[in-house]
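Numbering-wise (our numbering), the sequence shown opens with residue 37 and increments by one.
In case anyone wonders, no lab produced these hints; they're calculated from the structure. Any given hint could turn out to be false.
Said to hold, decoys possible - Quick list of in silico lysine-lysine cross-link-like pairs, DSS-like style, CA-CA up to 27 Å: (1) K87 <-> K77; (2) K66 <-> K77; (3) K66 <-> K87.
Claimed, not checked - Here are the in silico distance ranges between beta carbons for each label pair: (4) A125 <-> E102: 33 to 39 Å; (5) A67 <-> R107: 32 to 38 Å; (6) E127 <-> R107: 26 to 32 Å.
Everything numeric in this text was worked out from a predicted model, so none of it was measured. C-beta atoms are modelled at their ideal positions from N, C-alpha and C, and glycine is treated no differently.
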Amino acid sequence: MRKQAAPKDKTSRRTKSPRGRQAVGIRELKARASSIIDDVKVRRVVYEVTKRGEVEALIVPVDAGEQLLSRSPADGAWEAWQSLANQLAQETRGRDTRSAIDELERMRR
């Protein structure tokens with residue numbers, strides 16, 4: 037007499053990633069895309085889509101995704117540079133400042 041196979045578990049295999057996001061495999065995403073998208077929209081959950089255990093993509097709420105796409109990486113660099121320039125200007129305010137040329141001439145003497 038043959039043994040019957042154990043019934044397959046129909047529950048979700050979604051897990052939390054080390055970063056605290058929901059992780060979903062590519063096959064499960066294919067099978068449950070509609071419910072996952074509803075979850076992202078309603079509960080504002082971020083999903084990591086994995087393939088063979090490696091994160092391949094993120095599913096994020098549309099407004100968060102648009103915010104990420106609209107901001108250029110150069111914007112952050114420019115803001116950091118401007119902040120540093122402002123900080124240096126405040127620190128040197130009231131001090132006797134010399135030009136770089138004057139400083140180089142002083143060093144050559």
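Supplied distance hint 32 to 38 Å, evaluated on CB atoms of A67 and R107: 34 Å, holds
Check: Has the given pair, K66 with K77, been kept, meaning a C-alpha gap of at most 27 Å?
Finding: Measuring from Cα to Cα gives roughly 17 Å; hence the hint holds.
Between the alpha carbons of K87 and K77, is the straight-line distance 27 Å or under?
Measuring from Cα to Cα gives roughly 23 Å; hence the hint holds.
query: Is it true that E127 and R107 lie within 26 to 32 Å of each other by Cβ?
result: 29 Å, holds
Are the Cα atoms of K66 and K87 separated by 27 Å or less? 12 Å, holds
Checklist entry - Is it true that A125 and E102 lie within 33 to 39 Å of each other by Cβ? => result About 35 Å separates the Cβ atoms of A125 and E102, which means 33 to 39 Å holds.
Violated hints for the displayed structure: none, as all numbered hints are satisfied.
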